[in-house]
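The chain contents come next:
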Amino acid sequence: AQSVTQPDIHITVSEGASLELRCNYSYGATPYLFWYVQSPGQGLQLLLKYFSGDTLVQGIKGFEAEFKRSQSSFNLRKPSVHWSDAAEYFCAVGAGDMRFGAGTRLTVKP
Amino acid sequence: NAGVTQTPKFQVLKTGQSMTLQCAQDMNHEYMSWYRQDPGMGLRLIHYSVGAGITDQGEVPNGYNVSRSTTEDFPLRLLSAAPSQTSVYFCASSYSMTGYDEKLFFGSGTQLSVL
Chain A
1 AQSVTQPDIH
11 ITVSEGASLE
21 LRCNYSYGAT
31 PYLFWYVQSP
41 GQGLQLLLKY
51 FSGDTLVQGI
61 KGFEAEFKRS
71 QSSFNLRKPS
81 VHWSDAAEYF
91 CAVGAGDMRF
101 GAGTRLTVKP
Chain B
1001 NAGVTQTPKF
1011 QVLKTGQSMT
1021 LQCAQDMNHE
1031 YMSWYRQDPG
1041 MGLRLIHYSV
1051 GAGITDQGEV
1061 PNGYNVSRST
1071 TEDFPLRLLS
1081 AAPSQTSVYF
1091 CASSYSMTGY
1101 DEKLFFGSGT
1111 QLSVL
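So the sequences go chain by chain: A and B.
Numbering of the first sequence is given in our numbering, commencing with residue 1 and proceeding in unit increments.
Numbering of the second sequence is given in our numbering, commencing with residue 1001 and proceeding in unit increments.
Simulated from the structure, these hints should not be mistaken for laboratory data.
It is possible that part of the hints are untrue.
Subject to a maximum C-alpha distance of 27 Å in a straight line, what follows is the list of computed BS3-like cross-link-like pairs (lysine-lysine) [stated by the list, open to error]:
{"no.": "1", "chain 1": "A", "residue 1": "K109", "chain 2": "A", "residue 2": "K61"}
{"no.": "2", "chain 1": "B", "residue 1": "K1103", "chain 2": "B", "residue 2": "K1014"}
{"no.": "3", "chain 1": "A", "residue 1": "K68", "chain 2": "A", "residue 2": "K49"}
{"no.": "4", "chain 1": "A", "residue 1": "K61", "chain 2": "B", "residue 2": "K1103"}
{"no.": "5", "chain 1": "A", "residue 1": "K68", "chain 2": "B", "residue 2": "K1103"}
{"no.": "6", "chain 1": "B", "residue 1": "K1103", "chain 2": "A", "residue 2": "K49"}
{"no.": "7", "chain 1": "A", "residue 1": "K49", "chain 2": "A", "residue 2": "K61"}
Predicted model only: the values in this text are computed from it and were never measured.
When you get a sec, could you build the whole thing from the sequences and use the hints?
Okay, structure coming up:
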């Protein structure tokens, strides 16, 4: 069965520093992979997605993610974090019965 | 354009009571789903539907029923509420689940407490 692991429950970075959030997946075929962001008290918003082709995908708000089949990973990156990026981030895999990871909470220090 | 609308936003139930969480979307999306969100566990899929009249179980379907009589609506029914069903529930929809158009739009959530 498909599944997603986000190894980091909570990450703290300083504003302006770079960010990488880890995501590992288990899926039988070529996966559809997603990153969603959830601000406090809100629903989830899609940041970016991967279906096929270029393994480096660009998303909204300056985020990007790289699909590495050999490592079963789809890590999210941002070169310079802003205070408004503080939120919870979810990696997801699948089509139809999409499965989410447990999430990584990002805190941004001034 | 309202998107995905969930009602109610908050609900308190007693153990054994039943209720229905409502979800409606106005984007003509074929795919709809229900998730529950619990601390440290992310979102877990309860049920989903790929079109009117078609539903299927997700990871945690026990204690919940769904039906899809129209494209727009996908209600979630709790048959006999239990404290373990205390959670935040999200409804989501997508135009497609098998291609470039795959993107979930989420409702704002329903916070349910079962005493």
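Results of checking the hints against the structure:
Among the hinted pairs, K109/A with K61/A is consistent with the structure: their alpha-carbon atoms are about 18 Å apart, no more than 27 Å. Of the pairs offered as hints, the one joining K1103/B and K1014/B is violated, with about 35 Å between alpha carbons and a cut-off of 27 Å exceeded. In summary, the hint linking K68/A to K49/A is supported, as the alpha carbons are separated by about 14 Å, within the 27 Å threshold. About 17 Å separates the Cα atoms of K61/A and K1103/B, which keeps this hinted pair within 27 Å; it holds.
Among the hinted pairs, K68/A with K1103/B is consistent with the structure: their alpha-carbon atoms are about 21 Å apart, no more than 27 Å. Restraint check for K1103/B and K49/A: satisfied, since their Cα atoms lie roughly 8 Å apart, inside the 27 Å limit. Among the hinted pairs, K49/A with K61/A is consistent with the structure: their alpha-carbon atoms are about 14 Å apart, no more than 27 Å.
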